[in-house]
Amino acid sequence: MLSHVTPATIQHTGYIRGKQILASILPVGRTTLWRMVKRGQFPAPVRLGPNISAWRAEDVRDWLEQRKGEQL
2 MLSHVTPATI QHTGYIRGKQ ILASILPVGR TTLWRMVKRG QFPAPVRLGP NISAWRAEDV
62 RDWLEQRKGE QL
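Those letters in the sequence shown? Residues 2 to 73, by the numbering used here.
Incorrect hints may appear among the rest.
[Stated by the list, open to error] Derived lysine-lysine pairs resembling PhoX-like cross-links, with alpha carbons at most 25 Å apart:
{"no.": "1", "residue 1": "Lys39", "residue 2": "Lys69"}
{"no.": "2", "residue 1": "Lys20", "residue 2": "Lys69"}
{"no.": "3", "residue 1": "Lys39", "residue 2": "Lys20"}
Everything labelled a hint here was simulated from the structure, so no lab data went into it.
Construct all of the structure, not just a fragment, from the sequences and the given hints.
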């Protein structure tokens, strides 16, 4: 089941870094997260700099909303 985080507990705007997603939103590892992105199973991140990627909070909230109660 998806983590205890609900769409309501995620910030409304801004960006979420990968470590935040892995620590509190998705119970998967870093490799699995990127595999999900590549397969279109999780929103793609936005490049904020040469070595910085982050996800739009709105995209993550929408993704969670669509998957309430699902198992990974």
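Hint-by-hint comparison with the structure:
1. Lys39 to Lys69: This hinted pair holds, its Cα atoms lying about 22 Å apart.
2. Lys20 to Lys69: holds, 22 Å
3. Lys39 to Lys20: Since the Cα atoms of Lys39 and Lys20 sit roughly 18 Å apart, the hinted pair holds (cutoff 25 Å).
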